[in-house]
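> These are the residues of each chain, in order.
Number of protein chains: 2
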Amino acid sequence: MDMGERKKKILSSVVTEYIVSAEPVGSRNIANKYNLGLSSATIRNEMADLEDMGYLEQPHTSAGRVPSDKGYRMYVNELMNDYELSVRDIKVIKSMMELRLNQLDKLITNAAKVLSELTNYTAVFTAPEFKKGAIKTIELVPIDESSMLIILVTNEGIMKNKRVMLPKSVTPEFITKFSNLLKEKLSGLTIEEISVGKIQEIKQAMQTNFEILFPVLDFITDIIDDVNKETEVYLSGTTNIFNYPEYSDIGRAREFLELLDNKPVIKKAISGNNERRQGKKNAISIKIGGENELDALKNKSIITADYYIGERAVGKLGVIGPTRMDYAKAVKRIERISAYMNKILAELYQNNKGD
Amino acid sequence: MDMGERKKKILSSVVTEYIVSAEPVGSRNIANKYNLGLSSATIRNEMADLEDMGYLEQPHTSAGRVPSDKGYRMYVNELMNDYELSVRDIKVIKSMMELRLNQLDKLITNAAKVLSELTNYTAVFTAPEFKKGAIKTIELVPIDESSMLIILVTNEGIMKNKRVMLPKSVTPEFITKFSNLLKEKLSGLTIEEISVGKIQEIKQAMQTNFEILFPVLDFITDIIDDVNKETEVYLSGTTNIFNYPEYSDIGRAREFLELLDNKPVIKKAISGNNERRQGKKNAISIKIGGENELDALKNKSIITADYYIGERAVGKLGVIGPTRMDYAKAVKRIERISAYMNKILAELYQNNKGD
DNA sequence: ATTAGCACTCAAAAGAGGTGAGTGCTAACA
DNA sequence: TGTTAGCACTCACCTCTTTTGAGTGCTAAT
Chain A
119 MDMGERKKKI
129 LSSVVTEYIV
139 SAEPVGSRNI
149 ANKYNLGLSS
159 ATIRNEMADL
169 EDMGYLEQPH
179 TSAGRVPSDK
189 GYRMYVNELM
199 NDYELSVRDI
209 KVIKSMMELR
219 LNQLDKLITN
229 AAKVLSELTN
239 YTAVFTAPEF
249 KKGAIKTIEL
259 VPIDESSMLI
269 ILVTNEGIMK
279 NKRVMLPKSV
289 TPEFITKFSN
299 LLKEKLSGLT
309 IEEISVGKIQ
319 EIKQAMQTNF
329 EILFPVLDFI
339 TDIIDDVNKE
349 TEVYLSGTTN
359 IFNYPEYSDI
369 GRAREFLELL
379 DNKPVIKKAI
389 SGNNERRQGK
399 KNAISIKIGG
409 ENELDALKNK
419 SIITADYYIG
429 ERAVGKLGVI
439 GPTRMDYAKA
449 VKRIERISAY
459 MNKILAELYQ
469 NNKGD
Chain B
119 MDMGERKKKI
129 LSSVVTEYIV
139 SAEPVGSRNI
149 ANKYNLGLSS
159 ATIRNEMADL
169 EDMGYLEQPH
179 TSAGRVPSDK
189 GYRMYVNELM
199 NDYELSVRDI
209 KVIKSMMELR
219 LNQLDKLITN
229 AAKVLSELTN
239 YTAVFTAPEF
249 KKGAIKTIEL
259 VPIDESSMLI
269 ILVTNEGIMK
279 NKRVMLPKSV
289 TPEFITKFSN
299 LLKEKLSGLT
309 IEEISVGKIQ
319 EIKQAMQTNF
329 EILFPVLDFI
339 TDIIDDVNKE
349 TEVYLSGTTN
359 IFNYPEYSDI
369 GRAREFLELL
379 DNKPVIKKAI
389 SGNNERRQGK
399 KNAISIKIGG
409 ENELDALKNK
419 SIITADYYIG
429 ERAVGKLGVI
439 GPTRMDYAKA
449 VKRIERISAY
459 MNKILAELYQ
469 NNKGD
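So the sequences go chain by chain: A and B. If you count the first sequence from 1, you need to add 118 to reach our numbering. If you count the second sequence from 1, you need to add 118 to reach our numbering.
Source of the hints: derived by calculation from the structure; they are not laboratory data. Wrong hints could be hidden among the right ones.
Chain copies aren't distinguished; within one or between two, either way the pair holds.
To be verified - Below, computed lysine-lysine pairings styled on BS3-like, alpha-carbon distance capped at 27 Å:
id	residue 1	residue 2
1	K461	K212
2	K278	K386
3	K347	K278
4	K224	K278
5	K461	K286
6	K385	K224
7	K301	K286
8	K347	K301
9	K461	K254
10	K280	K295
11	K280	K254
12	K224	K286
13	K231	K278
14	K280	K224
15	K347	K209
16	K249	K399
17	K450	K381
18	K347	K212
19	K286	K316
20	K212	K286
21	K386	K231
Please build the complete structure, drawing on both the sequences and the hints.
Written out as structure tokens, the structure reads:
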């Protein structure tokens, strides 16, 4: 059995209807609301075919039909219409741009808030992946007798810093000297590229106070392990799920919220790719229900996009919601917000590029 | 009618029973489980008295009784026994100490996690209130052509930093000069004490490039407004509420989780005091149901303690949960964890004290 | 003053129709 | 041959009723 134009139209109607109603869709309903020029009986027959083909499912015999993951996939790939952003959407996203937040975490927090408010789903953002950026500057600043601040800046202009305790008391002069040594030895490398050999080399070059290397190494390890760092994942609108009937069951709501609490898992869940325009810039990845690896996500969909600093995709943003998601709207909003993110980040950091 | 020993025993039994069962407590139940040497009929009479006096409430005529806020208050003030921390409690808390986290946010995140896991309630921590600490050092470090890092350290050793964009390009030498000027003018003041006059004074002392003052002022404003900063409140165990039958209703669960999402409100909610040992160090504050100002908290209880750096109470930690809370256990665990926090913070920062 | 006993209350669980949206199938029709 | 009207059938869900049982208040006896 093949998928004629008519079946496509009916499938599209069922998905569209189900996305707004959240109720199994019946043939009569489609016949009345969508002017397909067909009687309910014909639609009934076609829907039976669509069920056989795996695009629709029936919760029980006397209920209407619900799209399957395969049905949503077909809808997303071939059937859905482009959504035109509303004036309000455009305005809200634009005003986010105008806040001119020049702190990365604030920028992300704010963008996530905007995305979750516009879509009514849970927005997920990852912070720029720091470890793949080449080191431009490394700076050590004494804070007090027992601690100093390590500051790292990449070529892309992203900065990270951490206060570390000094293993023993050293003079500010020594710290400056050490700082210069690090800068000389590590500039141009990415964090990931720093090898044991490199560390040995630095150690050789130092005459004394090797201990001061340990907190620096700790910091580097910290950055490499950032998958496990809670601060690397930003969520907004976690309670939005309560707006959807699929989560009116307390068990499901709990499951979802506990999932969201587990940042490393979330990070993993959104880092895979499933792109329509594979590899291209501004590609959107959509994972529907069972297409997700994780069991807890088998009944959820995730839409993500990359955001860029220069040519490098440094982080992800997107939404998590029920498979019954308004894919068309969500995609457009994510596209627009990621475009703005790129623009803002370019303005903030681009001037550092390539030097 | 006054509150005899017998009434107290019965009230205590009802509260104890209700804390574990979450079901309205009947007279027969008490007569059987608690060896008070009284028949259910007698207990029934006493419970009727306790209801008249406002310590107990009846959901409906044919149900058992439930403690009122006043009942819990009496229990907390006079009736409850000291809970002895279990070996596991002590071990878990101790192992938290042994992690030697020397980054404040990590320390707090971890302590919150421990508290929420031990109590099974939602743990709330506030970051140390920075604006009341006297400035010890202020440092400006150039990051790249268009930005610099402002680093502030208080007498207590707490540090904050922020990357700010330079309004116009300035030389590193100028930044150093400006840095020294700020240090000279602002040392010893608390953030709150920095006045417009002071700013004018700094401006007078500068010959050029006044614009560089603006990002510094932004930073200071940021710190003063920290009530509104999401990062200043740490939560852990937000999904713990799903363990309690009072939140098996989706509406209530939602209400609670939306409340927790609103950090400024949470901060306000825990910052009031209601202490048993007013003003004394290590005092525990307990707010039961209606004793809370906020409507959303009228059916919840909050237990908090202060934590200290030196002599100053810099932040709060505690739990939020249903009024049917195991007060005795929660109090002990909070006490122990705050004691550890104090110890760790003393070791980390105390050496800065007073210089 | 305490308690056994009993009538009474009422939420919650269990059962019993009834309703209606929706289906699949058949036979008639264009 | 594809489409549709018609009809019997299914089944979740709603409502109404009944049953159950934990718990109470009151009274009379100890």
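> A separate judgement is required for each hint: does it hold in the structure or not?
Going through the hints against the structure:
no.: 1; hint: K461 x K212; result: within (12 Å within a copy, 48 Å between copies)
no.: 2; hint: K278 x K386; result: within (22 Å within a copy, 31 Å between copies)
no.: 3; hint: K347 x K278; result: both (13 Å within a copy, 20 Å between copies)
no.: 4; hint: K224 x K278; result: both (14 Å within a copy, 15 Å between copies)
no.: 5; hint: K461 x K286; result: between (45 Å within a copy, 21 Å between copies)
no.: 6; hint: K385 x K224; result: both (19 Å within a copy, 19 Å between copies)
no.: 7; hint: K301 x K286; result: both (22 Å within a copy, 26 Å between copies)
no.: 8; hint: K347 x K301; result: within (26 Å within a copy, 34 Å between copies)
no.: 9; hint: K461 x K254; result: within (22 Å within a copy, 38 Å between copies)
no.: 10; hint: K280 x K295; result: both (19 Å within a copy, 24 Å between copies)
no.: 11; hint: K280 x K254; result: both (17 Å within a copy, 19 Å between copies)
no.: 12; hint: K224 x K286; result: between (35 Å within a copy, 22 Å between copies)
no.: 13; hint: K231 x K278; result: both (23 Å within a copy, 25 Å between copies)
no.: 14; hint: K280 x K224; result: both (18 Å within a copy, 11 Å between copies)
no.: 15; hint: K347 x K209; result: between (34 Å within a copy, 25 Å between copies)
no.: 16; hint: K249 x K399; result: within (21 Å within a copy, 44 Å between copies)
no.: 17; hint: K450 x K381; result: within (26 Å within a copy, 30 Å between copies)
no.: 18; hint: K347 x K212; result: between (31 Å within a copy, 23 Å between copies)
no.: 19; hint: K286 x K316; result: within (23 Å within a copy, 37 Å between copies)
no.: 20; hint: K212 x K286; result: between (51 Å within a copy, 26 Å between copies)
no.: 21; hint: K386 x K231; result: both (21 Å within a copy, 22 Å between copies)
Checked against the numbered hints above, the structure violates none of them.
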